[in-house]
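Trainee: The chain contents come next:
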Amino acid sequence: MNITASKVTSLSILVVDDEPIVVQSLGDWFRQDGHRVDTAQSAREALRLVAEKDYDLAFLDIKMPGIDGLDLQSRLASVKPDMTVIIMTAYASVDTAVRALKAGAYDYITKPFDPEELSLLVRRAGEHRSMRSENIRLKERLQEESAPSPIVGVSAAIKRVHDLIAAVAGTEATVLIKGESGTGKEMAARAIHVASPRRYGPLVIVNCGALAEGLLESELFGHEKGAFTGAMYRHSGKFEMANGGTVFLDEIGTVSAKVQVELLRVIEEKTVTRVGGRTPIPVDFRVIAATNEDLEAMVQHGEFREDLFWRLNVFSIEMPPLRTRPEDIAPLAEFFLDRFTRAMNRKPMRFSPRALEALQAYAWPGNVRELQNAIERAVVVGKPPLIEAGDFPIRVTETPSAGGALSLAEVERAHILTVLEAQNWNISGASRMLEIDRGTLYHKIEKYGLEKTRTAE
Amino acid sequence: MSAAAPGIQAIHFLAGAEVPRDLAADIIARASRRMAVPCHLEPDVWETRPVRLGGRDQIDADALLAGLDVLIRPGIVHVGLTGLDLGLALFTFVFGRARRGGQTAVVSLARLDPTHYGLAADPDLTARRSVAEIIHEIGHVAGLVHCDDFSCVMHFAPNVETIDLRGTAFCPACARALPPHLVLEQVNPRGD
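As given, the protein sequences belong to chains A and B, one line each in that order.
Under our numbering, residue 457 is the last one in the first sequence; the count climbs by one each step, no gaps.
Under our numbering, residue 192 is the last one in the second sequence; the count climbs by one each step, no gaps.
Mixed in with the good hints, there may be bad ones.
Now the in silico label distances, taken between C-beta atoms and shown as ranges [unchecked claim]:
id : chain 1 : residue 1 : chain 2 : residue 2 : range
1  : A       : V98       : B       : A10       : 51 to 59 angstroms
2  : B       : P158      : A       : S10       : 53 to 61 angstroms
3  : A       : R44       : B       : D22       : 56 to 64 angstroms
4  : A       : S10       : B       : P172      : 48 to 56 angstroms
Examples of chain A residues toward chain B, derived with CB under 10 angstroms [what the hints assert, rightly or not]:
id : residue
5  : V22
6  : S25
7  : Q32
8  : L120
9  : R124
10 : A195
11 : P197
12 : R199
13 : Y200
14 : F228
15 : T229
Simulated from the structure, these hints should not be mistaken for lab results.
The beta-carbon is built from N, C-alpha and C at its ideal position, and this holds for glycine as well.
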C-alpha cells in the first residue's frame with residue numbers, strides 16, 4: 001500500500017542484532033520516524049549490506065555470535081569511516097562504554113531503550129553527521145577559494161611565465177617579479193609559494209607601498225613594547241610570521257632608503273631584530289618581491305640600493321601586459337565568467353560575439369585586473385544566458401585600442417582617470433580598485449594633474 | 001493518501017476496565033469533535049488478555065494491538081483505550097501504538113495521568129492528552145510518520161511535556177497528506 005509520508009529529517013539507518021525481535025522492533029520504530037532502515041541479523045550480513053549501500057547511522061548489538069558488535073565496528077570503520085556507529089548493549093557498564101567509545105563508536109545505548117533517550121541520541125547523531133559533512137564541505141570550499149588563481153593564458157609569453165615559475169618554485173632563490181599594475185604579480189608569487197617545499201608554511205604578503213616608513217619598519221621587523229609612542233605591546237613582524245614560509249614584498253620600489261638597508265641585512269643574515277629590540281631572532285623565510293617600477297633605472301638614479309636590487313633579482317619573472325598577448329583575452333574572460341557566475345550563483349552565461357569583439361578591441365591598460373573587474377560587473381548586470389558588450393564598463397566599449405600608440409604614462413593616466421570617474425572620485429574606492437595605497441593615488445593625481453570634472457547642477 | 005484511509009467510515013473505541021467509563025466517554029466526545037467520521041464507544045468493557053513484559057510491571061503493546069485484529073471490519077478503525085502501562089520488549093514504555101496504514105491502534109492513559117508523576121489528579125488534562133495521543137495514533141493509521149514540526153500532532157513525543165506542547169492539530173504538510181474527510185480542522189488553527 002502507499003504510505004503517506006510527512007516531512008522528517010530522514011536518515012539511512014542500519015540495525016544489526018542477532019535477535020529478530022530487536023531488528024524488527026527497532027526497524028519499525030525508525031520507519032515510523034520517517035527514516036530508511038535496513039536490518040541484518042549477523043555481522044556478515046551487515047558487511048554485505050554496507051558494501052552495497054551507504055548508511056548514516058548503524059546500531060550494532062555488542063553481543064552477537066561470531067563477530068561481535070565491537071569487532072564489526074572496527075571492520076566498518078575501515079570500509080566506511082564516515083558512518084556513525086551506536087553500540088547497543090543489554091547491560092550498561094563503564095567497561096562496555098569505554099570499549100565501545102574506544103572502538104570509535106559515537107555512543108552506546110542500553111536495552112530496553114527509553115524512547116526519549118533513543119530519540120535524543122538519533123537526533124544528536126544526525127546533527128553530528130550533518131555538522132561533520134558541513135565541516136568537510138567548508139574545508140573543501142576554503143581550500144578551493146584559498147588556492148591561487150591559475151595564471152590563465154595560451155600565449156607564448158604566459159607559457160614562459162609558467163615555465164619560469166615551475167623552474168624556480170622548488171629552489172630557495174629569491175624572486176623578483178616585474179610587471180605593470182594588474183598583470184598578476186601576486187598570483188605569480190602565490191603560484192611559486194604553493195609549488196615550493198614551503199607550501200605548508202605561511203605566505204605573508206606585505207604591500208610596502210601602503211605603509212608609511214616608520215610603520216613599514218615595525219610591520220616588517222616587529223617592535224618591542226615601548227619601542228615608540230603607542231607601542232603598548234610587543235609585536236611580531238611579518239618576517240617572523242613568515243617563519244617556515246614565504247614573504248611577498250609587493251611594491252618593493254616604494255621602500256625608503258633606511259628600510260632598504262635593514263631589508264638587505266635581514267635577507268642576508270636571515271635574522272630579524274625588532275624595532276626597539278637588541279636580540280636578533282633567527283627566521284627561516286624565502287623572499288619574493290614585486291614591482292611595477294623600473295628598478296634598474298632607480299638604481300642608476302640612486303633611488304634604490306644596488307646591493308639590495310641584486311639580492312632580490314636572483315631570478316626574475318616579467319609578467320607580460322595583457323595588450324601584448326591578445327590571444328589570452330578570451331580564455332581569461334571565460335575563466336572569470338565561470339568563476340563569477342558560480343560565486344554569484346547566477347545561471348550559466350556566455351559572451352555574445354559582439355561582447356567578445358569588444359573585449360578583444362580594448363587595450364586593457366589595467367591589465368588582467370581590469371578585465372576581471374569588467375567581467376565581474378558584466379556578470380552582475382548581464383541577463384543570462386548572454387553577456388552583451390553593453391554589460392561591460394563603458395570605457396571598455398568606448399576606448400579604441402591604444403596598441404603602441406600611447407606611452408605607459410598616458411595609459412596609466414587614462415586608466416587612473418577612468419577608475420576615479422567610475423568611483424565618483426572616491427579616493428578610497430579608487431585606490432582599492434587600483435590596488436595602490438591612497439598616498440600613491442594622491443601622488444599620481446598630482447603628477448598627472450587630474451581634476452574632477454565639474455558638472456552643471 | 002493511504003490505501004486504507006479512504007475506506008475509514010467510522011472509529012470504534014474500546015475502553016478497558018481500568019478506564020473510568022465517564023472519562024472514556026469524555027475523551028471520545030472530545031475526539032469526536034475533531035474527527036469528520038463518526039466516533040463511537042463500544043458499550044462493553046474491552047476484555048483484553050494482557051501479556052506482561054518480563055521483569056516489568058508493563059503490558060506488551062504489540063500483543064494488545066494484535067488482540068484488536070479479530071475485530072477488523074471494512075471501513076472501521078478500532079482504537080483500544082487502556083489504563084495499563086504499555087511497553088515493548090525493546091522500549092521502556094509507549095504512550096500508544098498503531099498499525100501504520102492499518103485499522104487498529106491502542107492508547108494507554110497510564111502515563112498521560114498526572115498522578116503517574118506524583119501530581120494531583122486532573123481528569124481534564126488526562127482527557128486532553130488522551131485526545132492528542134488518539135489523533136496521533138489515527139495519523140499513523142492513516143499512514144503518516146513522525147513529523148519534524150514540533151507543533152504538529154505527528155511530532156514524536158517521548159514525554160508528556162511534548163504531548164502538551166504539540167497540541168492536537170496537524171501541520172500543513174501532514175494535513176495535506178491525510179485522507180480528506182477524516183479529520184476536522186486539519187491544519188493548526190493557530191496557523192503556527
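Trainee: Each hint needs a verdict: does it hold in this structure or not?
Mentor: Verification of the supplied hints:
At roughly 56 angstroms, the beta carbons of V98 of chain A and A10 of chain B sit within the given window of 51 to 59 angstroms. Here the CB-CB span from P158 of chain B to S10 of chain A is close to 19 angstroms, at odds with the stated 53 to 61 angstroms. About 57 angstroms separates the C-beta atoms of R44 of chain A and D22 of chain B, a value consistent with the hinted range of 56 to 64 angstroms. For the hinted restraint 48 to 56 angstroms between S10 of chain A and P172 of chain B, the CB-CB distance of approximately 19 angstroms leaves it violated.
For V22 of chain A, the shortest C-beta to C-beta distance to chain B is roughly 6 angstroms, which falls under 10 angstroms, so the interface hint holds. For S25 of chain A, the interface hint holds, since its Cβ comes within 10 angstroms of a Cβ in chain B; the closest pair sits about 4 angstroms apart. Hint on Q32 of chain A holds. Least Cβ distance to chain B is approximately 6 angstroms, under the 10 angstroms limit. Contact between L120 of chain A and chain B, as hinted, is supported at the beta carbon level, the nearest pair being about 8 angstroms apart and thus within 10 angstroms.
At its closest, the beta carbon of R124 of chain A sits 13 angstroms from a beta carbon of chain B; the interface hint therefore is violated under the 10 angstroms criterion. Hint on A195 of chain A is violated. Least Cβ distance to chain B is approximately 48 angstroms, over the 10 angstroms limit. Here the hint on P197 of chain A is broken, as its CB sits about 51 angstroms from the closest CB of chain B, past 10 angstroms. Checking R199 of chain A against chain B: minimum C-beta separation of about 45 angstroms lies over 10 angstroms; hint violated.
Hint on Y200 of chain A is violated. Least Cβ distance to chain B is approximately 43 angstroms, over the 10 angstroms limit. The interface hint given for F228 of chain A is broken, as the beta carbon of that residue sits about 60 angstroms from the closest beta carbon of chain B, more than 10 angstroms. For the restraint placing T229 of chain A at the interface with chain B, the shortest Cβ-Cβ distance is roughly 59 angstroms, beyond the 10 angstroms limit, so the hint is violated.
Violated hints, listed in ascending order, are 2, 4, 9, 10, 11, 12, 13, 14, 15; each of the other numbered hints is respected by the structure.
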